[in-house]
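Undergrad: Residue numbers (this note's numbering), protein chains in the order written: chain A, 151 to 301; chain B, 151 to 301.
Among these hints, one or two may not hold up.
Below, simulated EDC-like cross-link-like pairs (lysine to aspartate or glutamate); rule was C-alpha separation at most 16 Å, straight line [stated by the list, open to error]:
(1) B:Lys281 to B:Glu253
(2) A:Lys272 to A:Glu249
(3) A:Lys272 to A:Asp158
(4) B:Lys178 to B:Glu157
(5) B:Lys272 to A:Asp158
(6) A:Lys272 to B:Asp237
Derived, one-sided and incomplete: chain A residues facing chain B with beta-carbon distance under 10 Å [what the hints assert, rightly or not]:
(7) Phe159
(8) Gly162
(9) Phe184
(10) Asp185
(11) Ser199
(12) Ile200
(13) His210
(14) Ile214
(15) Met216
(16) Arg217
(17) Leu235
(18) Met238
(19) Gln288
(20) Leu293
If you're looking for bench data, these hints aren't it; they were derived computationally from the structure. Beta carbons are placed, not taken as given, at the ideal position from N, Cα and C, and that holds for glycine.
Number of protein chains: 2
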Amino acid sequence: MTERYLEDFAVGQRFSTGRHIVDDAQIKAFAAEFDPQPFHVDATAAERSIFRGLAASGWHTAAIAMRLLVHGDLRPAGGIVGLGLEDMQWPRPVRPGDELRVETEILQVRPSASKPSQGLIKVRNTMLNQKDEAVLSQTVNLLVLRRPAKD
Amino acid sequence: MTERYLEDFAVGQRFSTGRHIVDDAQIKAFAAEFDPQPFHVDATAAERSIFRGLAASGWHTAAIAMRLLVHGDLRPAGGIVGLGLEDMQWPRPVRPGDELRVETEILQVRPSASKPSQGLIKVRNTMLNQKDEAVLSQTVNLLVLRRPAKD
Numbered sequence: 151m152t153e154r155y156l157e158d159f160a161v162g163q164r165f166s167t168g169r170h171i172v173d174d175a176q177i178k179a180f181a182a183e184f185d186p187q188p189f190h191v192d193a194t195a196a197e198r199s200i201f202r203g204l205a206a207s208g209w210h211t212a213a214i215a216m217r218l219l220v221h222g223d224l225r226p227a228g229g230i231v232g233l234g235l236e237d238m239q240w241p242r243p244v245r246p247g248d249e250l251r252v253e254t255e256i257l258q259v260r261p262s263a264s265k266p267s268q269g270l271i272k273v274r275n276t277m278l279n280q281k282d283e284a285v286l287s288q289t290v291n292l293l294v295l296r297r298p299a300k301d
Numbered sequence: 151m152t153e154r155y156l157e158d159f160a161v162g163q164r165f166s167t168g169r170h171i172v173d174d175a176q177i178k179a180f181a182a183e184f185d186p187q188p189f190h191v192d193a194t195a196a197e198r199s200i201f202r203g204l205a206a207s208g209w210h211t212a213a214i215a216m217r218l219l220v221h222g223d224l225r226p227a228g229g230i231v232g233l234g235l236e237d238m239q240w241p242r243p244v245r246p247g248d249e250l251r252v253e254t255e256i257l258q259v260r261p262s263a264s265k266p267s268q269g270l271i272k273v274r275n276t277m278l279n280q281k282d283e284a285v286l287s288q289t290v291n292l293l294v295l296r297r298p299a300k301d
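Here chain A stands alone, though its shape is the one from the complex (with noise of 0.2 Å):
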């Protein structure tokens, strides 16, 4: 599939990526590395915790989401560039065995004043588990390039 320019894009378009299967291995892991806490790292704690169970670091979860982008088929030209979030929500823990796919649809999409060879699209992601229920959702800023002028 070739890359989008910000030509190419429009609001309420919507794109989606492939799936990823999250295991306790890869919980506890990326958990030991960057979000040491009880509830994500030790079964028996998580029990007693706000989670009740084993749970996904909410920046475990978006860096997943974030792998299925870059493999789905959005493929914005320049790559997927952030500039920032608006908003980002974890209505549901993320558990051991959970098969995640995130939806991504166009919300705005505009040239950059400043930058002729750029532009921004705004884009609403949504993760979704196995039974279809959200557990991340983000709204957010990517650079775009423009489509390169023809001689």
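Chain B: place on chain A using the hints.
TA: Frame of chain A; chain B shown alone:
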């Protein structure tokens, strides 16, 4: 240091973390697993990209911030449990060799309307490099336990 309950937080308080030096190998390892785009895994490709040199994935930067916060002096009772982000920006790339730390300011403290044992604090986290330049900023809502009633 003991944990802080909701009643121990007040608007305007500031907290800090230790420091973490991110190197070339860490940047490439995280990106290979979660954000395998050329500007995060290949120095030559990165030179030709919008980043003009190897840069950490924004999700790696956010994950390092989380690790620093877990070991920092914020220490909310019940752990650092994020309900969501109101915004997040990456104003500058993180480069190999950067020394990172996080500063936190308490923006809001309020009891939960529905759960008497819980409350929310809104915090602003700013991650700075060794030149005191911001590389990440985020506004986060955290769940914090209230101090148990005395018998």
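Undergrad: Between the alpha carbons of Lys281 of chain B and Glu253 of chain B, is the straight-line distance 16 Å or under?
TA: It holds: about 14 Å lies between the C-alpha atoms, which stays within 16 Å.
Undergrad: Do the numbers back the hint for His210 of chain A, that is, is its least Cβ distance to chain B under 10 Å?
TA: holds (8 Å)
Undergrad: May I ask you to test the interface hint for Leu293 of chain A with respect to chain B, counting a Cβ-Cβ separation under 10 Å as satisfied?
TA: At 7 Å from the nearest chain B Cβ, Leu293 of chain A passes the 10 Å test, so the hint holds.
Undergrad: Holds or violated: Lys272 of chain A and Asp237 of chain B, Cα atoms, limit 16 Å.
TA: holds (14 Å)
Undergrad: Using the nearest Cβ pair, does Ile214 of chain A come within less than 10 Å of chain B?
TA: Because about 7 Å separates Ile214 of chain A from the closest Cβ in chain B, which is inside the 10 Å limit, the hint holds.
Undergrad: How about Gly162 of chain A: closest beta carbon in chain B under 10 Å, or not?
TA: violated (24 Å)
Undergrad: Let's test the interface hint: is any C-beta of chain B closer than 10 Å to that of Arg217 of chain A?
TA: Holds - the Cβ of Arg217 of chain A comes within 10 Å of chain B, reaching about 5 Å at its closest.
Undergrad: May I ask you to test the interface hint for Asp185 of chain A with respect to chain B, counting a Cβ-Cβ separation under 10 Å as satisfied?
TA: This hint holds: Asp185 of chain A lies near chain B, its Cβ roughly 5 Å from the closest one there, short of 10 Å.
Undergrad: With chain B as the partner, please determine if Ser199 of chain A meets the hint condition of a C-beta pair closer than 10 Å.
TA: holds (7 Å)
Undergrad: Was the hint right that Phe184 of chain A lines chain B, CB cutoff 10 Å?
TA: The hint holds - Phe184 of chain A has a Cβ within 10 Å of chain B, the shortest such distance being about 4 Å.
Undergrad: Against chain B, is Met238 of chain A within 10 Å by beta-carbon distance?
TA: At about 4 Å, which falls below the 10 Å cut-off, the nearest Cβ of chain B leaves the hint on Met238 of chain A intact, so it holds.
Undergrad: Checking hints one by one. Is Gln288 of chain A an interface residue toward chain B, by the C-beta closer than 10 Å rule?
TA: It holds, given that the least Cβ distance between Gln288 of chain A and chain B is near 8 Å, below 10 Å.
Figure legend: structure checked against the earlier numbered hints; hints not met, in rising order: 2, 4, 5, 7, 8.
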